[in-house]
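Can you make the complete structure from the sequences, with help from the hints?
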Amino acid sequence: MSAQEYITSGLLEAYVYGILPEAEAAEVARAMVQYPEVRDEVAAIEAAMFQLATAGAVTPPAPLKENIWQAINASHSVVAPSPIAAQQSVTENTIPLNGKSAPRISWQLAAAFVALIGSLGTNFYLLNNRNQTGQQIIALQQRIDTLSNAQQNLSLQVSRYRNEADMISDPDLKPVVMQSTQKDHPMAATLYWSKTRGEAYVSVQKLPMPPEGMQYQLWAIADGKPVDLGVLTNEMIGKQGMEKVSKAVADGQAFAISLEKAGGSPVPSMDKIYVMGKVI
Amino acid sequence: MPPVANHTEESLVALLKQGDKNAFNYLYDNYSAVLFGVIRRIIFDEITAQDVLQEVFVKIWNNIAQYEPAKGRIYTWMINIARNAAIDKLRSKGEIMKGKIQTGEEVVFSTQQTGGTEQQTDVIGLRKIVEGLKPEHYSIVDLAYYKGFTLDEISKTLDVPLGTVKTRMRAAMQHLRQYFSI
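Those protein sequences? They're chains E and B, same order as listed.
Numbering follows this note's numbering, with no gaps: position 116 of the first sequence is 116.
Quick note: to get this note's numbering, add 1000 to the position in the second sequence (first position is 1).
Zero decoy hints are in this set.
A partial selection of chain E residues facing chain B, derived with a Cβ cut-off under 8 Å: (1) Ile-45; (2) Asn-67; (3) Trp-107.
Rather than coming from a laboratory, the hints here were simulated on the basis of the structure.
Glycine residues also receive a C-beta, built at the ideal position from the N, C-alpha and C atoms.
Dropping the structure here:
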């Protein structure tokens, strides 16, 4: 490097700050011997640094000076008797000019410790994150299951409603509304009957769930006589929608539902007829 | 220029190297405030700072033979001893980690709120000088001069290329020299 290169390199400032590695500091020291301009530049930087330090000067408390002399005297009275100790003391206390003091083991240990703690922390954080992510996935899976169930139910319901709507709009299909025959017990069911096709569908609006061992049975009243149209499954009670009547419905002036023993009865129990409706 | 009322630096150093106690008293009287200011800039605790100043003068006394005038002025040598001793004390207490973890921005920030806890040593003069420097320049002076960071460490701490660190170091010094008319 030429003198000018040294001057503009920024190395001289670092040299004065005492932060250059030993080899580079030695190189700058050689350049100072070789080039007077470099030496002058270093002197100017030193002067500026000194001014900066002076601007921040703080006078130490007066007794400190005496303490320092005591410390110096103490260190000498202790060190002096043993030449070996004295030598050790010198090497220990050697301070490279403009260089950083000996490797700072404690700092490196502290750095390693902090790095270790940081690494452990990161691992814990990542593990935690992973567990959380796993839990989130499970939660999401459950939500998806719930939603798809709900969606299936909905589409089932929609198709039922659609069927119902189709039937209601079918001009051939006549609704027969069956009202409660029991006082103070509002109940209702509807029969959709196509006389020409002999088909009927029943939908329950409001009927109590039958007690165990009992079932509702549907009847047609044809020419004053009850005709068995089969039993209603208990599953459809309390549900929206229709169920096709299992038997053919050829004739009838009225329809009724009675509560019977499970499986049905050949004749309706007259006191257990819950709803009844006439064909209009 | 340092105050050298009765001695040239050359004769002062010669006397010091002979173990002259008067020369050492002279050194203390003229430089203890500057060195204490440097230490206080690094160590907040007054008592710890006093301990460090004491260690520093004992080191100067014990190691004056190591000082080579050809490599620089005696005050530069002493300031760097003081700075390193203060940093060593901080590091031995584990406090430096705070400084090491500091990002460049925080360094700049701390220089902007000069006069805060970090530098009770601050006087109007130093603040004026600091305010005259660009933040990116001052942060480098701060890290190099007061924190003893190597060029490499400064580069990593501020996340700027090594070449930029050197350039800014030079530019900062140019500003300081302009300010001091040196």
